[in-house]
Each structure stands twice: as C-alpha cells, then as structure tokens.
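J.: Sequence:
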Amino acid sequence: MKRGAVAVGKRVATAVLALAAAGLQGGCATAGDARDPIEGFNRAVFAFNDGVDRALIRPVAKGYETVLPVPVRAGVSNFFGNLADPVIAVNSLLQGKPADAVGDAARFIFNSTFGMLGIFDVATDMGLEKHDEDFGQTFGRWGAEPGAYLVVPIYGPRDVRDAAGLALNVMADPVGNVGHVPTRNTLTAVRLVSDRAELLPADKIIEEAALDKYSYMRDAYLQHRRSQVFDGRPPREPDAD
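Under my numbering, the first residue of the sequence shown carries the number 1, and numbering increases by one thereafter.
Treat the hints loosely; a few may be bogus.
[Claimed, not checked] Lysine to any residue pairs mimicking SDA-like chemistry, simulated, CA-CA at most 25 angstroms apart: (1) Lys62 to Phe48; (2) Lys97 to Ala202; (3) Lys97 to Phe48; (4) Lys62 to Leu192; (5) Lys62 to Arg236; (6) Lys62 to Val72.
Hints are computed from structural coordinates only; laboratory data are not their basis.
None of these values were measured; they are calculated from a predicted model.
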C-alpha cells in the first residue's frame, strides 16, 4: 500500500537516480557555470556539509534503517509528512491550484484524525494525492527567476529564490514552532534522520557516477527544482539545442 509521505521521499530519490543516468549520458558540467558565480564559496560549504553527512548524519541514518522495521519508518515519515500538509496547502493555493489546496487540507484532517496524528496515511488510500509544494516553488510560479546557485550550510543545495523560500518554510514549519525546546530539537533530529534514510539508495549511484560530486549534485538539484516549479512540464530552455 503506497504511503504518501514515503512516496514523496522515494520520488526525490528516483529523480536523483534518473538524473544520475542522464548525467552519465550527457557528460560532466563545464567549469565556470554561469549559474554558479560563487562556486568557490559553494564548494567550501558543500565540503563542510558532505563531511558532516559522512561523519554523523549518514551513519545515524543507516543505523536507523537497520534497527527500525519498514512499518515503523513509514509511520515516522507519514507523521512528518502530515505536519507538512497545511503548509503545502497554503502553497498550492498561492500557486493557483485551489483543488490541490483543498485536497492537501483534507489530507491533514483525515490523517490527523483517522490516521492517528498522521502515522497512518489513510488519505492516500482514500485517493487524496500527496503533493510537494513549498515557498520556493511558489516564488517560481509567480515568475521569480532562480538566481545564482547557493549551497546553504546543513540545508544543502539551493538557489537564491529557494533560499528566500527556505526562510518562509522555516518560519511556517510546525516542528520549528514547537515551544518546548527539547521536544522541538528531538522532532527536528528524528525528521532529519528519517529524511536522510529515505535517500540512502541514491548514495551508491551518485558516488559511482560522479567524477565531480559537487557539479553533479548542483546540476541534479537545478534540474529537479525546475521540474518541480513547472509541475514536471518545464518549458524548453533557449539553449536546449
């Protein structure tokens, strides 16, 4: 039975894997990419983030995956996915998709009640699709250009537009607004590990395929976000030929 929050994580991993295959066919990115004018700074932050991931986050995620059975991990992912649905509903509405916004709100109501605070994704079983919208995508739908590529400490790949959206996403995040600090920190850590565990299948492909992991991840991120902004139907780029 397909679970909505888990499915979104798997779609992200699948997108990375698909871009990995495309990268193998298309070759490596050229040096001096115009989209990345502060590449030196970005590479330094990328190296820091990668070091933290290798030393701490990924080992914990692997242990999490090893120790907890799939139903428990699915329940954790569903719980946090449910908390995100109200913000997703707001962004769906701001992007001019009222039907999606109603569905997102309905997902939250049904999963919070019948799904026991979202642990069980009953909304997907009822035919309510799980969406993945955020303020960065909303800015893109409003016509804001992505701007320069930017690697944010801990948060990872972004562009200027998504960095601005990230600030709003953090402000609207239900977990970040929990008043009890120990509870907030625990929820934040568990969500981080859960999200990272869902992306573990992509690690081996990326490590084996990328001659330059930094440029590889940059191109994958920018392509994926462009696809998200246009709901999987991005217009043809001027230099596509």
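J.: A separate judgement is required for each hint: does it hold in the structure or not?
T.: Consistency of the hints with the structure:
Taking the CA atoms of Lys62 and Phe48, the gap is near 20 angstroms; set against the 25 angstroms cutoff, the hint holds. Using a Cα cut-off of 25 angstroms, the hinted pair Lys97 and Ala202 is violated, with the two alpha carbons roughly 31 angstroms apart. The hinted pair formed by Lys97 and Phe48 fails the criterion: a straight-line CA distance of about 38 angstroms is larger than 25 angstroms. With a C-alpha separation of about 12 angstroms, the suggested pair Lys62 and Leu192 falls inside the 25 angstroms cut-off, and the hint holds.
Only pairs whose Cα atoms come within 25 angstroms are accepted, and Lys62 paired with Arg236 is rejected, the gap being roughly 39 angstroms. Between Lys62 and Val72 the alpha-carbon distance is near 15 angstroms, which keeps this suggested pair within the 25 angstroms criterion.
Checked against the numbered hints above, the structure violates hints 2, 3, 5; every other hint is satisfied.
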